[in-house]
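Chemist: For the record, the sequence lines run as chains A and B. Just so we're aligned: the first sequence equals residues 10 to 275 in the working numbering. Just so we're aligned: the second sequence equals residues 3 to 465 in the working numbering.
Calculated directly from the structure, the hints in this document are not laboratory data. All C-beta atoms in this analysis are idealised placements derived from N, C-alpha and C, irrespective of residue type, glycine included. Check each hint, because a few of them may be wrong.
[Said to hold, decoys possible] Quick list of in silico lysine-lysine cross-link-like pairs, DSSO-like style, CA-CA up to 27 Å:
no.: 1; chain 1: A; residue 1: LYS200; chain 2: A; residue 2: LYS148
no.: 2; chain 1: B; residue 1: LYS324; chain 2: A; residue 2: LYS44
no.: 3; chain 1: B; residue 1: LYS375; chain 2: B; residue 2: LYS324
no.: 4; chain 1: A; residue 1: LYS81; chain 2: A; residue 2: LYS53
no.: 5; chain 1: A; residue 1: LYS81; chain 2: A; residue 2: LYS174
no.: 6; chain 1: A; residue 1: LYS148; chain 2: A; residue 2: LYS180
no.: 7; chain 1: A; residue 1: LYS44; chain 2: A; residue 2: LYS148
no.: 8; chain 1: A; residue 1: LYS81; chain 2: B; residue 2: LYS141
no.: 9; chain 1: B; residue 1: LYS141; chain 2: A; residue 2: LYS53
no.: 10; chain 1: A; residue 1: LYS180; chain 2: A; residue 2: LYS245
no.: 11; chain 1: B; residue 1: LYS191; chain 2: A; residue 2: LYS245
no.: 12; chain 1: B; residue 1: LYS324; chain 2: B; residue 2: LYS191
[To be verified] Not everything, but these chain B residues come out facing chain A in the computed CB check (under 10 Å):
no.: 13; residue: LEU121
no.: 14; residue: SER273
no.: 15; residue: TRP420
no.: 16; residue: THR441
no.: 17; residue: ARG442
[Unchecked claim] Between beta-carbon pairs, the in silico distance windows are:
no.: 18; chain 1: A; residue 1: ALA205; chain 2: B; residue 2: SER273; range: 37 to 47 Å
no.: 19; chain 1: B; residue 1: GLY318; chain 2: A; residue 2: SER220; range: 33 to 43 Å
no.: 20; chain 1: B; residue 1: LEU170; chain 2: A; residue 2: ALA205; range: 24 to 34 Å
no.: 21; chain 1: B; residue 1: LYS324; chain 2: A; residue 2: ARG41; range: 32 to 42 Å
no.: 22; chain 1: B; residue 1: VAL376; chain 2: A; residue 2: GLU73; range: 19 to 29 Å
no.: 23; chain 1: A; residue 1: GLN222; chain 2: B; residue 2: PHE270; range: 24 to 34 Å
no.: 24; chain 1: A; residue 1: GLN222; chain 2: B; residue 2: SER373; range: 37 to 47 Å
no.: 25; chain 1: B; residue 1: LEU175; chain 2: A; residue 2: ASP79; range: 28 to 38 Å
no.: 26; chain 1: A; residue 1: SER220; chain 2: B; residue 2: LEU170; range: 14 to 24 Å
no.: 27; chain 1: B; residue 1: LYS324; chain 2: A; residue 2: ASP79; range: 28 to 38 Å
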Amino acid sequence: MSGHTDSVVAAPIVVACLILLSSPLQVIAEARVEKWIGVASRGKELYRRYCIGCHGARGDGSGENAPYLDPKPRDFTAGVFKCRSTDTGHIPSDLDLYQTIGRGLHASAMPSWFPLTRQERIDLVAYVKTFSQRFREEKPEPVVPIPPEPPDTQESIHRGQEVYKKMECAKCHGVGGHGDGPSASTLTDSKDRPIAVYDFTTGERFKCGQSNQDLYRIFMTGLDGTPMPSYLQDLKPDQAWDLVHYLRTLQANWEQAGTKTIAPGP
Amino acid sequence: MLYRKPGASVLAAAIEVILIWLFFAPVIQTPAIPAFARKYALPCSACHEAWPKLNNFGQTFKDNGYQLGNDRDAPIYQQPTYWPVTFRITPQWHREATNRIAVDHIPGNAMSGMTEAQLVTSGFDLSGLDLWTAGTLAKNISFLVLPSADATGAFHFEAAWIRFDNLLGSRWLNLKFGKHELDTPVSEKRFLALTANGGFFQLYHFTPTSDINSFGGIGNNQLGIELMGHSRNSYTRYAVSLLSSNNGEVGLPTNRSYDVYCNVNQAFELSRLGLQRVGVYGYRGESPTFFLTAGGTPIPGAGQGNRPFYRAGAYGVWYIGKLDFSTVYMHGVDNVFLGTGTPAIQPLMLPPGANSPAWNGAFTEIHYTYSPKVILVGRYEAIRMSRQAFPLGMPLPNGALLTHTFGNTDAVVVGYRWYPFMSSRAGLAWHNEYAHVRTRGTAPLSGLDLVTSSFLVGFDIDF
């Protein structure tokens with residue numbers, strides 16, 4: 010009888026423990042983007058097909074191709090991601106990871122996986138999240154708001170130029186935005202590997218997107234894992250938009266795109 | 003009777019499948035290009051469901067002109083030592099069987115009369131060699147050159163083209179110039195069968211018996227230009243080709259006319275089932291019915307009396323998780339002069355009751371992708387003549403009477419491929435396949451069904 014009583018008492022405890030244990034796993038085994046739900050078990054198969062060569066079986070960025078790549082593949086186990094809509098130091102949202110997979114990372118070996126189905130990309134997000142404990146323990150918030158873009162005027166561009174000077178962006182990116190600032194050659198990422206500074210003059214795309222909103226988000230959230238900090242606490246939204254408008258003028262195709270040229274300053 | 007019952011040959015082949023399980027066979031080469039894997043540091047499985055069969059990521063890469071679009075496509079970003087070359091060859095053991103061929107009744111004695119016999123041959127062998135080079139010459143200028151050898155080492159150019167990608171900054175405008183694979187419903191160059199009987203789609207190459215159409219089928223690479231376009235993820239695609247009517251053969255051997263091919267298709271995602279694709283396609287061409295001659299010998303390029311033909315159909319590629327079905331339908335018609343082998347300048351020579359031969363055909367190919375390393379393949383093809391060129395009941399050369407089923411074809415292929423490793427440097431596959439083809443009423447002497455089969459085991463090497 011005693012044994013029977015013990016088992017009656019133990020059973021709910023075991024069940025409760027299983028529920029408690031499984032809950033975070035359950036949460037982390039999924040990813041949600043709008044109405045779509047990604048499942049890590051499916052994502053694992055896709056990861057082995059598409060990602061393992063660079064990011065490695067353990068997600069630590071040590072795949073067979075890693076020694077030959079520059080920049081190095083992301084180490085998912087650290088839970089640190091460049092492209093986020095969340096404030097610096099926070100994990101990215103599912104949507105952030107989903108968009109990164111679909112967009113690829115400009116000027117790296119990471120291609121756009123947009124040809125994969127939406128379900129496949131969300132499944133991959135779910136699996137990538139399983140590599141880091143952070144996704145079990147933290148929530149992807151707060152999200153940095155992006156207010157509507159004000160008109161792109163000469164005044165805005167000039168104000169942005171002042172912001173560029175005031176924030177000392179030229180220390181790394183150089184006066185002309187060529188990525189040749191005095192500190193550029195000394196910069197390293199969070200793993201002490203040399204890192205190249207973005208050269209604004211070489212194209213229209215950035216690591217984390219292409220639109221003005223993407224550019225705004227990049228310097229307001231920072232690129233975690235790199236020396237690029239977040240300016241969320243330093244810039245007001247209007248100043249940030251001014252900076253966006255100025256940075257666009259540094260780009261090679263900016264004039265060709267039919268947009269404005271920068272007029273002489275006041 | 004010197005030949006065995008068809009059922010017996012199937013049984014024998016099945017037994018051999020078991021006995022020779024651990025041994026090694028194909029004739030037809032299909033592409034997978036590890037040079038791209040090395041260039042982009044991606045495993046074969048990134049672009050291929052199981053190489054050489056493309057997945058949608060690989061299809062998009064191909065549609066982009068072998069570019070990923072990550073600003074590392076142009077050769078200038080590659081190490082100078084990188085050379086985009088790939089070779090592929092398949093050491094193999096294979097068995098080929100034909101149930102009825104015409105042989106001398108007494109070997110060596112041509113006067114002894116003819117009879118039918120089964121011919122079975124088997125042994126260790128080599129496939130041909132594909133020597134690929136492909137990639138980009140510069141951003142948005144891509145190319146492919148494929149010298150291909152048969153098993154004896156005799157080379158020809160299977161493909162050679164240059165492509166100008168994203169014209170006017172639009173992915174809807176890409177212009178290819180040269181000898182290229184048509185944008186067929188299901189690529190015959192990228193499928194998973196290699197044997198002499200299974201290594202091509204019967205449907206893509208079918209021509210009625212006695213037909214003189216010089217067109218070898220939409221499965222053959224053709225010479226001409228292709229305008230194609232696609233959406234960002236290649237869900238929506240189109241391709242239009244203007245081709246010389248020379249069946250892809252160099253030296254303008256036929257005449258000066260042109261053919262047209264087009265294919266339009268659309269893919270859509272069905273939640274967890276995967277990507278589904280439907281499309282329509284058509285080929286309209288002309289073929290000469292006779293040649294100018296010199297001393298009775300046809301003069302190359304002097305084809306005359308062109309008559310038209312066409313192939314058209316619809317298709318779908320359906321995914322249910324790891325299981326996928328390719329389903330293709332085709333309707334084909336050849337002009338009556340082509341179908342009966344009658345020179346167009348001699349219309350009175352057309353047999354009474356002659357018609358333009360017409361047929362309907364379809365196949366379904368099923369794959370089960372257990373993992374990127376293991377894939378199972380099954381295919382069934384059926385081609386049915388809907389109209390014979392000659393009147394039914396007419397005596398055939400073998401003495402039988404022409405029936406409405408004459409030339410009907412059924413083909414079955416089963417096999418699997420195992421990839422021992424999956425890397426971004428090279429590919430190796432263990433290939434095992436059995437193919438069986440039955441053609442109604444075409445045995446050379448008896449007019450019975452002609453049955454051929456192939457069994458193959460081998461190592462498919464791709465570097």
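Chemist: Hint by hint, which ones does this structure get wrong, listed from lowest number up?
Modeler: Hint check: 5, 6, 9, 11, 13, 15, 16, 17 and 21 fail, others pass.
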